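Listed in order, the protein sequences are those of chains A and B. Take 1 as the starting number for the first sequence in the working numbering and just add one per residue. Take 1 as the starting number for the second sequence in the working numbering and just add one per residue.
It should be emphasised that the hints constitute simulated quantities derived from the structure, not laboratory data. These numbers come from a predicted model, not from an experiment. Hints may be right or wrong, so weigh each one.
Restricting the straight-line Cα-Cα distance to at most 25 Å, the calculated cross-link-like pairs of lysine-lysine (DSS-like) are [unchecked claim]:
no. : chain 1 : residue 1 : chain 2 : residue 2
1   : A       : 122       : A       : 99
2   : A       : 83        : B       : 44
3   : B       : 101       : A       : 174
4   : A       : 65        : B       : 44
5   : B       : 101       : A       : 177
6   : A       : 174       : B       : 130
7   : B       : 46        : A       : 65
8   : B       : 44        : A       : 75
9   : A       : 75        : B       : 94
10  : B       : 146       : A       : 146
11  : A       : 36        : B       : 44
12  : B       : 44        : A       : 37
13  : A       : 174       : B       : 146
14  : B       : 106       : A       : 177
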Amino acid sequence: MNKEAAIEKAKKVKFVILDIHGVITDSILYYTDDGKKSECFSLRDRLGCKALIEGGIGLAFLTSKITRTDEQVGKIYGIPAEKLWGTSAKMGRLDEFEKESGLKDEDICYVGDEMIDLGIMKRVGFSVAPYDGAIEAKEVAAYITKASGGKGVVREAAEFILRAQGKWDAVIDKISK
Amino acid sequence: MEEPMAFEKNFEIAKEKAKKVKLFAHDVHGVLTPDTFLCDIEGKRKYSFWHMDGFGDLSLTANGIQVAFLDTTSIDEEGVVRARELKLEKFYYKVTDKVTKLEELKKELGIGSENIGYIGCEVTDIAVMKKVGFAVATADAIDEVKEIADYITTAPGGRGPIREVCEFILRAMGKWGEWVEKVTKMGYK
Numbered sequence: 001m002n003k004e005a006a007i008e009k010a011k012k013v014k015f016v017i018l019d020i021h022g023v024i025t026d027s028i029l030y031y032t033d034d035g036k037k038s039e040c041f042s043l044r045d046r047l048g049c050k051a052l053i054e055g056g057i058g059l060a061f062l063t064s065k066i067t068r069t070d071e072q073v074g075k076i077y078g079i080p081a082e083k084l085w086g087t088s089a090k091m092g093r094l095d096e097f098e099k100e101s102g103l104k105d106e107d108i109c110y111v112g113d114e115m116i117d118l119g120i121m122k123r124v125g126f127s128v129a130p131y132d133g134a135i136e137a138k139e140v141a142a143y144i145t146k147a148s149g150g151k152g153v154v155r156e157a158a159e160f161i162l163r164a165q166g167k168w169d170a171v172i173d174k175i176s177k
Numbered sequence: 001m002e003e004p005m006a007f008e009k010n011f012e013i014a015k016e017k018a019k020k021v022k023l024f025a026h027d028v029h030g031v032l033t034p035d036t037f038l039c040d041i042e043g044k045r046k047y048s049f050w051h052m053d054g055f056g057d058l059s060l061t062a063n064g065i066q067v068a069f070l071d072t073t074s075i076d077e078e079g080v081v082r083a084r085e086l087k088l089e090k091f092y093y094k095v096t097d098k099v100t101k102l103e104e105l106k107k108e109l110g111i112g113s114e115n116i117g118y119i120g121c122e123v124t125d126i127a128v129m130k131k132v133g134f135a136v137a138t139a140d141a142i143d144e145v146k147e148i149a150d151y152i153t154t155a156p157g158g159r160g161p162i163r164e165v166c167e168f169i170l171r172a173m174g175k176w177g178e179w180v181e182k183v184t185k186m187g188y189k
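With the hints as extra help, turn the sequences into a complete structure.
Rendered as structure tokens:
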């Protein structure tokens, strides 16, 4: 991992797309016998999302299917409902978004952990993988977090991006108050 | 990967500072709970707390040290429920500015900054930690928080840091032995 190159890439980021399972969750599914499924999320990631939004960077979830859990977590993290994208055709969704928003590949950061994320990770300007992501994902990532999935990956990526852009201290100052 | 940073803290200085604590304040998330929460398909959230952390807080209040929850980030009512369970007098929910709130508490209780203890874990705790007499960081706190702390617990958030630091404070004051003896004979609730 080349830190200097990662910083240069992070400087250009205007929009962050987050995979859900294995990135903002720890990949574990918790079941109870009434069929209710729970997933485990990180409060640090909430701070990370808040910081990105405060720093003027947009956010979206991109996963094969948006569940009610994801909707609730999206709400907590401050992600607008229209930015919760549920499709397994991830590349197609990215094309569509770039057309809508006028953003280019190099303006986008994608955080992913699995084989299905590889295509998009190779394409975007700044790709991030969690510490416990698939080896293939870590190979193509410009930055690998010290945190594992569901344990503050977004918090760490957000700090890296905002520090690269020189916004971190001001953003945290604002959030603390 | 970079090497994790090691922080050396002076135990004796921490003890001297802990002796003066009259008000011990903490946040809920990342300290009383781990960094994580569970969310089910209906959007209901679950937070875990450490049983003996409650004993820690109760040990302080029983020994004349006030405990305050200063909560900024609650999504649900979990902090309120826990504070009620512990019968805490000082509970402040959805505080936006912790520094100002502690200034108010200082006036209300007639105490100085040196009489305040605070345990934190995130960058949002730094401003307040710099203003108190005895600043504590959890084992899994962010490096910048550990750096300015007088004491770092061996327990991470939600796994007993309050129990640990409360024992540290009461031992520094020389009250721990007597308290444990009392508790084992008479209970603590």
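Hint check results:
Under the criterion of a C-alpha separation no larger than 25 Å, the hint pairing residue 122 of chain A with residue 99 of chain A is consistent with the structure, at around 19 Å. For the hint pairing residue 83 of chain A with residue 44 of chain B, the CA-to-CA distance comes to about 21 Å; that is within 25 Å, so the pair holds. For the hint pairing residue 101 of chain B with residue 174 of chain A, the CA-to-CA distance comes to about 17 Å; that is within 25 Å, so the pair holds. Distance hint between residue 65 of chain A and residue 44 of chain B is fulfilled; the C-alpha atoms sit about 19 Å from each other, no more than 25 Å.
Our distance criterion of 25 Å between C-alpha atoms is met by residue 101 of chain B and residue 177 of chain A, whose separation comes to about 11 Å. Distance hint between residue 174 of chain A and residue 130 of chain B is fulfilled; the C-alpha atoms sit about 17 Å from each other, no more than 25 Å. Under the criterion of a C-alpha separation no larger than 25 Å, the hint pairing residue 46 of chain B with residue 65 of chain A is consistent with the structure, at around 23 Å. Taking the CA atoms of residue 44 of chain B and residue 75 of chain A, the gap is about 13 Å. The hint holds against a cut of 25 Å.
A distance of roughly 18 Å separates the Cα atoms of residue 75 of chain A and residue 94 of chain B; the hinted pair therefore holds under the 25 Å criterion. The hinted pair formed by residue 146 of chain B and residue 146 of chain A meets the criterion: a straight-line CA distance of about 17 Å does not exceed 25 Å. Annotation: proposed proximity of residue 36 of chain A to residue 44 of chain B holds, straight-line Cα distance about 10 Å (limit 25 Å). Restraint check for residue 44 of chain B and residue 37 of chain A: the C-alpha separation of about 11 Å stays at or below 25 Å, so the hint holds.
With a C-alpha separation of about 21 Å, the suggested pair residue 174 of chain A and residue 146 of chain B falls inside the 25 Å cut-off, and the hint holds. Restraint check for residue 106 of chain B and residue 177 of chain A: the C-alpha separation of about 19 Å stays at or below 25 Å, so the hint holds.
In summary, the structure agrees with every hint in the numbered list given earlier.
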